[in-house]
Amino acid sequence: MQKRAVVTVVGKDQVGIISKVTTVLAEHKMNIHDISQTILQDYFTMMMIVEMENKDLLEDLLGAFEQVEDEMNLTISVQLEDVFQAMHRI
Numbered sequence: 000m001q002k003r004a005v006v007t008v009v010g011k012d013q014v015g016i017i018s019k020v021t022t023v024l025a026e027h028k029m030n031i032h033d034i035s036q037t038i039l040q041d042y043f044t045m046m047m048i049v050e051m052e053n054k055d056l057l058e059d060l061l062g063a064f065e066q067v068e069d070e071m072n073l074t075i076s077v078q079l080e081d082v083f084q085a086m087h088r089i
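Quick note: numbering that gives the first Met the number 0 has the sequence shown finishing at residue 89, numbered continuously throughout.
Bear in mind the hints are in silico, worked out from the structure with no lab data behind them.
Please read all numbers here as calculations on a predicted model, not as lab measurements.
Be careful, since some hints might not be right.
Heads up, simulated EDC-like pairs for lysine to aspartate or glutamate below, C-alpha to C-alpha not over 16 Å straight-line [stated by the list, open to error]:
| hint | residue 1 | residue 2 |
| --- | --- | --- |
| 1 | 2 | 50 |
| 2 | 11 | 69 |
| 3 | 28 | 58 |
Distance ranges between label pairs, derived from CB positions [what the hints assert, rightly or not]:
| hint | residue 1 | residue 2 | range |
| --- | --- | --- | --- |
| 4 | 52 | 72 | 27 to 33 Å |
| 5 | 58 | 38 | 26 to 32 Å |
| 6 | 30 | 76 | 15 to 21 Å |
| 7 | 53 | 11 | 28 to 34 Å |
| 8 | 59 | 9 | 20 to 26 Å |
| 9 | 61 | 11 | 18 to 24 Å |
| 10 | 74 | 14 | 14 to 20 Å |
| 11 | 56 | 12 | 28 to 34 Å |
Glycine included, C-beta positions come from ideal geometry on N, C-alpha and C.
With these hints in hand, go ahead and build the complete structure from the sequences.
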């Protein structure tokens, strides 16, 4: 069963952020449905809606993102879409 997740990336703007993050997603066979990014002063921010083939791979994905976070000094979070929506419901 396919699930959607929300991926957010925040950090000091630098070359290669999008490449590194999307490479991890591709390696985990995750399709990007929607993407928004901007640079606020010197800070890069990106939010993506991605489709996961298997939500059980979430821990593997988070582990792969930890390496990117450490390497590029970023904060990357992943939440299942239904959890994200429940947390942001007004």
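Cross-check of the supplied hints:
1. 2 - 50: Holds. Residue 2 to residue 50 sits at ~6 Å (cutoff 16 Å).
2. 11 - 69: holds (13 Å)
3. 28 - 58: Holds: residue 28 and residue 58 sit about 14 Å apart, inside 16 Å.
4. 52 - 72: 27 to 33 Å: holds (30 Å)
5. 58 - 38: 26 to 32 Å: Taking Cβ atoms as reference, residue 58 and residue 38 lie about 30 Å apart, which means the hint holds.
6. 30 - 76: 15 to 21 Å: Holds: the Cβ-Cβ distance is about 19 Å, inside 15 to 21 Å.
7. 53 - 11: 28 to 34 Å: 33 Å Cβ-Cβ, so the 28 to 34 Å window holds.
8. 59 - 9: 20 to 26 Å: holds (22 Å)
9. 61 - 11: 18 to 24 Å: The hint (18 to 24 Å, Cβ to Cβ) holds, given that residue 61 and residue 11 are roughly 21 Å apart.
10. 74 - 14: 14 to 20 Å: holds (18 Å)
11. 56 - 12: 28 to 34 Å: holds (29 Å)
Violated hints are absent here; each numbered hint is respected by the structure.
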